[in-house]
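Protein chains in written order, with the numbering used here: chain Y, 28 to 354; chain W, 28 to 354.
In short, the hints are calculated from the structure, not lab data. It should be emphasised that the depicted structure is a prediction, and the values quoted were computed from it without experimental measurement. Quick reminder that beta carbons are idealized off the backbone N, C-alpha and C, glycines included. Treat the hints with care, since some could be wrong.
As the list claims (entries may be wrong) - Counterexamples of contact, computed for chain Y against chain W with all Cβ distances above 12 angstroms:
{"hint": "1", "residue": "ILE62"}
{"hint": "2", "residue": "PRO66"}
{"hint": "3", "residue": "ASN71"}
{"hint": "4", "residue": "THR81"}
{"hint": "5", "residue": "LYS84"}
{"hint": "6", "residue": "ASP87"}
{"hint": "7", "residue": "ASN90"}
{"hint": "8", "residue": "VAL105"}
{"hint": "9", "residue": "ARG111"}
{"hint": "10", "residue": "HIS145"}
{"hint": "11", "residue": "LEU161"}
{"hint": "12", "residue": "GLU216"}
{"hint": "13", "residue": "LYS271"}
{"hint": "14", "residue": "GLU275"}
{"hint": "15", "residue": "ARG279"}
{"hint": "16", "residue": "THR291"}
To be verified - Here are the simulated BS3-like pairs of lysine-lysine, each with C-alpha atoms no more than 27 angstroms apart in a straight line:
{"hint": "17", "chain 1": "W", "residue 1": "LYS215", "chain 2": "Y", "residue 2": "LYS110"}
{"hint": "18", "chain 1": "Y", "residue 1": "LYS178", "chain 2": "W", "residue 2": "LYS57"}
{"hint": "19", "chain 1": "W", "residue 1": "LYS348", "chain 2": "Y", "residue 2": "LYS119"}
{"hint": "20", "chain 1": "Y", "residue 1": "LYS119", "chain 2": "W", "residue 2": "LYS215"}
{"hint": "21", "chain 1": "W", "residue 1": "LYS33", "chain 2": "Y", "residue 2": "LYS260"}
{"hint": "22", "chain 1": "W", "residue 1": "LYS178", "chain 2": "Y", "residue 2": "LYS57"}
There are 2 protein chains.
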Amino acid sequence: MSEFRKDPVLDRWTIIDASRKINKVLDYGKYPEDISKCPFCPGNEFMVKHNILTIAKEGDLKNWELKVVPNTKPILNVETVLKREAYGIYDKMCGVGAHEIFIETPQHFIKAQDVPMHYYETLYKALAMRIKDLRKDSRLEYILFFKNYGKFANALLEHPHSQLIAMPTIPGTIKTEIDSSRNYFDSKERCVFCDIIAQEISSSLRIVYENDLFISFCPYASRYPFETWILPKNHQSDFDFIEKDEIESLSRITKEVLSKIIRTLDNCSYNYMLHTSPLKNINIPFYHWYISIKPAVINDIGFEWDSGLYINPVAPEHAAKFLRDLY
Amino acid sequence: MSEFRKDPVLDRWTIIDASRKINKVLDYGKYPEDISKCPFCPGNEFMVKHNILTIAKEGDLKNWELKVVPNTKPILNVETVLKREAYGIYDKMCGVGAHEIFIETPQHFIKAQDVPMHYYETLYKALAMRIKDLRKDSRLEYILFFKNYGKFANALLEHPHSQLIAMPTIPGTIKTEIDSSRNYFDSKERCVFCDIIAQEISSSLRIVYENDLFISFCPYASRYPFETWILPKNHQSDFDFIEKDEIESLSRITKEVLSKIIRTLDNCSYNYMLHTSPLKNINIPFYHWYISIKPAVINDIGFEWDSGLYINPVAPEHAAKFLRDLY
Chain Y
28 MSEFRKDPVL
38 DRWTIIDASR
48 KINKVLDYGK
58 YPEDISKCPF
68 CPGNEFMVKH
78 NILTIAKEGD
88 LKNWELKVVP
98 NTKPILNVET
108 VLKREAYGIY
118 DKMCGVGAHE
128 IFIETPQHFI
138 KAQDVPMHYY
148 ETLYKALAMR
158 IKDLRKDSRL
168 EYILFFKNYG
178 KFANALLEHP
188 HSQLIAMPTI
198 PGTIKTEIDS
208 SRNYFDSKER
218 CVFCDIIAQE
228 ISSSLRIVYE
238 NDLFISFCPY
248 ASRYPFETWI
258 LPKNHQSDFD
268 FIEKDEIESL
278 SRITKEVLSK
288 IIRTLDNCSY
298 NYMLHTSPLK
308 NINIPFYHWY
318 ISIKPAVIND
328 IGFEWDSGLY
338 INPVAPEHAA
348 KFLRDLY
Chain W
28 MSEFRKDPVL
38 DRWTIIDASR
48 KINKVLDYGK
58 YPEDISKCPF
68 CPGNEFMVKH
78 NILTIAKEGD
88 LKNWELKVVP
98 NTKPILNVET
108 VLKREAYGIY
118 DKMCGVGAHE
128 IFIETPQHFI
138 KAQDVPMHYY
148 ETLYKALAMR
158 IKDLRKDSRL
168 EYILFFKNYG
178 KFANALLEHP
188 HSQLIAMPTI
198 PGTIKTEIDS
208 SRNYFDSKER
218 CVFCDIIAQE
228 ISSSLRIVYE
238 NDLFISFCPY
248 ASRYPFETWI
258 LPKNHQSDFD
268 FIEKDEIESL
278 SRITKEVLSK
288 IIRTLDNCSY
298 NYMLHTSPLK
308 NINIPFYHWY
318 ISIKPAVIND
328 IGFEWDSGLY
338 INPVAPEHAA
348 KFLRDLY
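Could you put the whole structure together from the sequences, leaning on the hints where they help?
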């Protein structure tokens with residue numbers, strides 16, 4: 028069983044999970060998968076335990092468009108009792124939570140730039156439903172939603188999928204974002220993200236794409252080349268409070284931005300992650316949900332891992348211009 | 028010229044350096060180098076601008092053991108005037124600082140487990156000298172010393188070398204360590220690292236190796252499999268205040284620990300980094316310098332990059348036992 032352990036110096040939790048499969052460094056850039064055994068392909072349904080959620084055309088479950096299933100080797104497990112303990116000067120707690128896989132389509136080989144528009148609408152609708160459902164479990168503090176696309180982004184399976192991990196603590200980076208944006212609000216009574224959006228619109232240098240409700244830009248202090256964010260223009264701290272028209276608008280910008288990244292960077296792998304408010308902070312004025320996308324362009328396994336200082340060889344103004352100008 | 032830019036949400040600096048060579052993701056695990064053109068090998072001295080420091084046997088400079096040279100493509104440059112500016116809500120400053128390469132030996136192919144003991148003594152002696160010298164520049168706030176060893180740890184050259192980057196700000200992770208250990212001290216009037224050492228000695232589960240003055244263990248909340256720290260047993264916040272007998276003891280433990288890691292993990296690549304006190308915080312009671320070592324065993328380019336949450340598939344107790352028990 029997995030265990031959360033806290034680093035007393037960095038005030039940061041790590042999950043120790045000795046049952047987890049190791050994706051060895053020597054396998055970098057390879058799919059370990061035998062395609063006929065893909066557990067996400069139609070016909071192989073017996074490989075997953077059960078469906079948590081199925082979205083299907085006209086209610087015909089065999090004609091499914093998206094499925095949410097439990098990870099067969101979950102990092103966190105919902106059937107555990109949450110127990111927090113001291114271990115000398117250290118802190119630990121058991122690995123309670125949920126680990127769900129979003130099988131985004133029945134099609135194994137479809138590429139992000141070729142999917143129909145309702146692909147992302149279905150994905151975001153399902154995600155909002157899952158977050159709303161998991162909110163009911165009072166042990167949970169945060170829901171991490173992310174996607175590893177492509178073999179250089181550490182995707183273990185090629186079949187398009189994303190992942191949700193619901194956990195009893197707030198991940199370190201999100202905690203820092205919450206604390207820092209609260210400080211900003213306390214001093215200025217404005218959301219720091221709303222201020223960033225205003226400045227990016229006014230300078231327009233780093234904008235990749237925008238539509239009526241959403242904006243996408245390469246952030247000013249980008250850590251990685253072509254790092255790109257997507258944010259709602261109107262203040263909103265919780266992703267799952269998204270409205271129907273916003274889902275449509277978000278789907279359009281997601282498809283546009285991911286297609287630009289993939290086409291500009293030669294079908295590169297990428298990671299994306301949703302930053303949303305912690306489950307117990309609802310409708311807060313100082314935090315603003317967003318999606319961060321990191322194309323797998325460079326190796327970054329140097330001193331960055333332990334210094335928190337990143338060196339980015341591509342200025343975000345140049346990256347944004349490349350992406351923006353792609354017809 | 029490179030530029031420091033601050034992320035207003037995460038309160039963290041990034042260096043944007045468009046002149047930097049990109050180590051592409053497709054080149055992962057390869058050395059781009061033509062060995063006959065290795066700028067660190069004897070005979071190719073003309074390729075480096077000048078020597079900052081040379082340590083040689085019996086003062087015969089041709090018979091050098093270690094050289095410190097400026098990086099020919101430095102991330103930061105000492106000849107710049109430090110200028111801090113606002114850019115709307117953002118902050119920036121120019122990339123002032125130093126970027127030095129420690130050529131650890133004239134021998135291109137020597138492996139860490141085969142080096143003589145005085146190899147590390149020479150390296151640490153040179154590092155302490157360089158830090159003492161750079162302390163005189165009042166623009167500098169921090170000195171980052173690190174090594175990328177092996178092609179899977181993003182080393183661009185095979186010739187054994189480590190790097191020093193002196194900079195006008197404190198890297199994000201170090202800042203967090205300083206703040207957090209100061210809070211711990213304010214509440215308990217004890218150094219958190221001294222407390223950690225006491226607990227590790229008393230449990231002995233995670234100890235890899237220890238000698239009279241130093242201890243090495245796999246930290247309780249290790250983020251990576253076989254992550255290993257080396258710390259002085261006696262409280263000391265600044266690496267460059269190290270005494271002669273401590274350098275000998277540190278060299279012995281460094282050679283022992285790196286040899287164990289390399290032999291246990293099949294000549295793996297690794298990164299190591301020195302965590303020492305910021306230049307303007309001297310002899311502080313709450314911080315404790317240490318060396319962190321991360322063997323390149325697994326891929327970790329998933330949601331970790333943007334969540335700060337790490338999943339480690341090898342418990343540090345198991346990792347330490349493997350390393351400790353190796354004859």
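Find the nearest Cβ of chain W to the Cβ of ASN90 (chain Y) and say whether that gap is larger than 12 angstroms.
Holds, since 31 angstroms exceeds 12 angstroms.
Classify the label on GLU275 (chain Y) as holds or violated, using whether its beta-carbon is more than 12 angstroms from each beta-carbon of chain W.
Holds: least Cβ distance 26 angstroms, greater than 12 angstroms.
Please confirm whether ASP87 (chain Y) is truly not at the interface, meaning its C-beta sits more than 12 angstroms away from all C-beta atoms of chain W.
Holds: least Cβ distance 33 angstroms, greater than 12 angstroms.
Beyond 12 angstroms from every Cβ of chain W: is that where the Cβ of ASN71 (chain Y) lies?
24 angstroms, holds
Sort out whether LYS110 (chain Y) lies within 27 angstroms of LYS215 (chain W), counting only the CA atoms.
With Cα atoms ~26 angstroms apart, LYS215 (chain W) and LYS110 (chain Y) stay inside 27 angstroms; holds.
Minimum Cβ distance from VAL105 (chain Y) to chain W greater than 12 angstroms, as the annotation requires:
About 17 angstroms separates VAL105 (chain Y) from the closest Cβ of chain W, which puts it past 12 angstroms; holds.
Does the structure keep LYS119 (chain Y) and LYS215 (chain W) at a Cα separation of 27 angstroms or less?
21 angstroms, holds
Would the pair LYS178 (chain Y) and LYS57 (chain W) pass a check requiring their Cα atoms to be no farther apart than 27 angstroms?
Satisfied, since the Cα-Cα distance of roughly 17 angstroms is no more than 27 angstroms.
Determine whether the non-interface label on ILE62 (chain Y) survives the test: each CB of chain W must be over 12 angstroms from its CB.
The assertion about ILE62 (chain Y) holds, with a minimum of 21 angstroms to chain W.
Just double-check HIS145 (chain Y) for me: nearest Cβ-Cβ distance to chain W has to come out over 12 angstroms.
26 angstroms, holds
Does the no-contact call for THR81 (chain Y) survive, Cβ to all of chain W over 12 angstroms?
25 angstroms, holds
Please check whether the beta-carbon of LEU161 (chain Y) is more than 12 angstroms away from every beta-carbon in chain W.
17 angstroms, holds
When the structure is compared with the earlier hints, no violation turns up for any of them.
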